[in-house]
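Please model the complete structure; the sequences and the hints are all you need to start from.
In the order they appear, the protein sequences are chains H and W.
Residue numbering for the first sequence is -3 to 268, as defined by my numbering.
Residue numbering for the second sequence is -3 to 268, as defined by my numbering.
Any given hint might turn out to be false.
Which copy is meant is left open, because identical chains are indistinguishable; a pair holds if it fits in one copy or across any two.
Claimed, not checked - The list that follows gives simulated cross-link-like pairs (lysine-lysine, BS3-like), each with its CA atoms no further than 27 Å apart:
| id | residue 1 | residue 2 |
| --- | --- | --- |
| 1 | Lys71 | Lys57 |
| 2 | Lys254 | Lys156 |
| 3 | Lys240 | Lys156 |
| 4 | Lys5 | Lys254 |
| 5 | Lys197 | Lys156 |
| 6 | Lys240 | Lys25 |
| 7 | Lys71 | Lys240 |
| 8 | Lys254 | Lys25 |
| 9 | Lys240 | Lys15 |
| 10 | Lys197 | Lys126 |
| 11 | Lys35 | Lys93 |
| 12 | Lys240 | Lys35 |
| 13 | Lys240 | Lys57 |
| 14 | Lys93 | Lys254 |
| 15 | Lys126 | Lys95 |
| 16 | Lys25 | Lys197 |
| 17 | Lys15 | Lys57 |
Just so you know, these hints were derived from the structure itself, not from any lab.
Protein chains: 2
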Amino acid sequence: MWWVFIIIKPKPENSHLVKEISALDQDGKRISTYSIIEKPLSIYLNDSHIVTAMTVGDYPKYLAVGYLINQSIIKELDKIEDIEVVKEINTVVVRTKEKSLYEINKKNQIKTSGCANGTIFNNVIEEIQKITLNSSITISAAQIYSLYKVISLTPSLYLKSGAIHGCVLCYEDKTLAYFEDVGRHNAIDKLAGYMFLNKIKPEDKFLYTTGRLTSEMVIKTVMMKIPILASRSGYTAWGVELAKTSNLTMLGRLRGRKFTLLSGYERLSLSD
Amino acid sequence: MWWVFIIIKPKPENSHLVKEISALDQDGKRISTYSIIEKPLSIYLNDSHIVTAMTVGDYPKYLAVGYLINQSIIKELDKIEDIEVVKEINTVVVRTKEKSLYEINKKNQIKTSGCANGTIFNNVIEEIQKITLNSSITISAAQIYSLYKVISLTPSLYLKSGAIHGCVLCYEDKTLAYFEDVGRHNAIDKLAGYMFLNKIKPEDKFLYTTGRLTSEMVIKTVMMKIPILASRSGYTAWGVELAKTSNLTMLGRLRGRKFTLLSGYERLSLSD
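Laid out in structure tokens, this is it:
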């Protein structure tokens, strides 16, 4: 392997991400509990406001770049001139050498609301329909169970405070990068930015998410060209359909030693 | 009680909401599984496109009206002239007698991304800071456990397919309306539309949600003037802060006979 992995782990001890609060339990006893911090982060591309995301606030550069590449607004690393985080106003500005097509033509934008979808653009849906993932890597059920166990036992914001989603990039039996955020789409966007800026190739990777496998999560995974996606949660009909169209191997309801294989069956060696 | 409740229940048997799909289990055995259907719904106010939500698609009128009132774009029932669902193009058009402030001044809009937040507007944040919930109703832990049990056992899309959130409006020991959607904010918006169009008063009600208690869920509950909100999930720091500011009674991590009481302690009689 010619590149060095930057291992990213959750940071449950970071007081900028979790806040201790006072509450009562069901018997009226005063207790101390942890709550996750959410705050707005505005993402600008040059002088255009692209989106304001509610995020825990770590890795703002990865989040901004990942969002822009997953929306297909930025496509090449060398087009990025500078990424500036202006902490005081919760803003990231990504500057490029030339204007993107997005800035030139804002007409193809659709706003979507919320949990099932953040914001997607018509052009992304068109684009992923042209993508067929053709990586021939395989993974065994035993490897998946082992990764699931490692991920579940890793100290995380989830284990400390709950109310947060995680996305973990894996290679063979190793977890390479574990991002968390209040929105599952933010966690995956941070991972996309991390992979893009560190030139990590996707074809031989496995992606685990705690979030549901909605159309949005599938679209992002396909945009990132990762061939295998697994979640401990459920799936939507459109998510499954898009996974099939793009030949993404997708597993839902992964818990312990059980899962449901929804698409891309050939990358799973079930005999192990 | 002078008004008649329209009891709304989940519809797990509705084939427009869930789709049966073929998959493999962890041993490679072919199985049949259910996936929730998500599709875009565009909400228009007169000739302005307000938002495109990803939704299961039931109760489009309630969703559209609930979204508009929770964003404080529409405030009075008699201002609504007509609500038209145009199924062929997944669109709802809400028509009003006169233009809203939103249409006159679009400048105060911020777009937010995703799971933690759908789309909120600056004016809503300003507005809820002026609201103090002063209902003096109380609820006992025993009542909460009993409602939780009833809700958990009600046949639902959640029990059938997973990957969906629920919002349940309760009065004393009764569940009055149970809405489900892929986004928790859609489920609560449908409830808001239902209450608004049926003139159901909020001051003596209890709201249960399966979703996390983020700032967005608290903002909507306060906008709807429901004094007690409970969730089986966790909470964010900003969600708790907003609940305290508005004197909303809020409970998180409700499971079985356990919960964490986060704010508005006086509405809970813990001695029962």
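Verification of the supplied hints:
{"no.": "1", "hint": "Lys71 to Lys57", "in the structure": "within (16 Å within a copy, 39 Å between copies)"}
{"no.": "2", "hint": "Lys254 to Lys156", "in the structure": "both (25 Å within a copy, 18 Å between copies)"}
{"no.": "3", "hint": "Lys240 to Lys156", "in the structure": "between (36 Å within a copy, 22 Å between copies)"}
{"no.": "4", "hint": "Lys5 to Lys254", "in the structure": "within (26 Å within a copy, 31 Å between copies)"}
{"no.": "5", "hint": "Lys197 to Lys156", "in the structure": "neither (31 Å within a copy, 38 Å between copies)"}
{"no.": "6", "hint": "Lys240 to Lys25", "in the structure": "between (51 Å within a copy, 18 Å between copies)"}
{"no.": "7", "hint": "Lys71 to Lys240", "in the structure": "within (24 Å within a copy, 44 Å between copies)"}
{"no.": "8", "hint": "Lys254 to Lys25", "in the structure": "between (38 Å within a copy, 12 Å between copies)"}
{"no.": "9", "hint": "Lys240 to Lys15", "in the structure": "between (41 Å within a copy, 15 Å between copies)"}
{"no.": "10", "hint": "Lys197 to Lys126", "in the structure": "within (20 Å within a copy, 51 Å between copies)"}
{"no.": "11", "hint": "Lys35 to Lys93", "in the structure": "neither (30 Å within a copy, 37 Å between copies)"}
{"no.": "12", "hint": "Lys240 to Lys35", "in the structure": "between (36 Å within a copy, 17 Å between copies)"}
{"no.": "13", "hint": "Lys240 to Lys57", "in the structure": "neither (32 Å within a copy, 33 Å between copies)"}
{"no.": "14", "hint": "Lys93 to Lys254", "in the structure": "neither (48 Å within a copy, 56 Å between copies)"}
{"no.": "15", "hint": "Lys126 to Lys95", "in the structure": "within (24 Å within a copy, 42 Å between copies)"}
{"no.": "16", "hint": "Lys25 to Lys197", "in the structure": "neither (51 Å within a copy, 32 Å between copies)"}
{"no.": "17", "hint": "Lys15 to Lys57", "in the structure": "within (23 Å within a copy, 39 Å between copies)"}
The structure fails hints 5, 11, 13, 14 and 16 (numbered hints given earlier, in ascending order).
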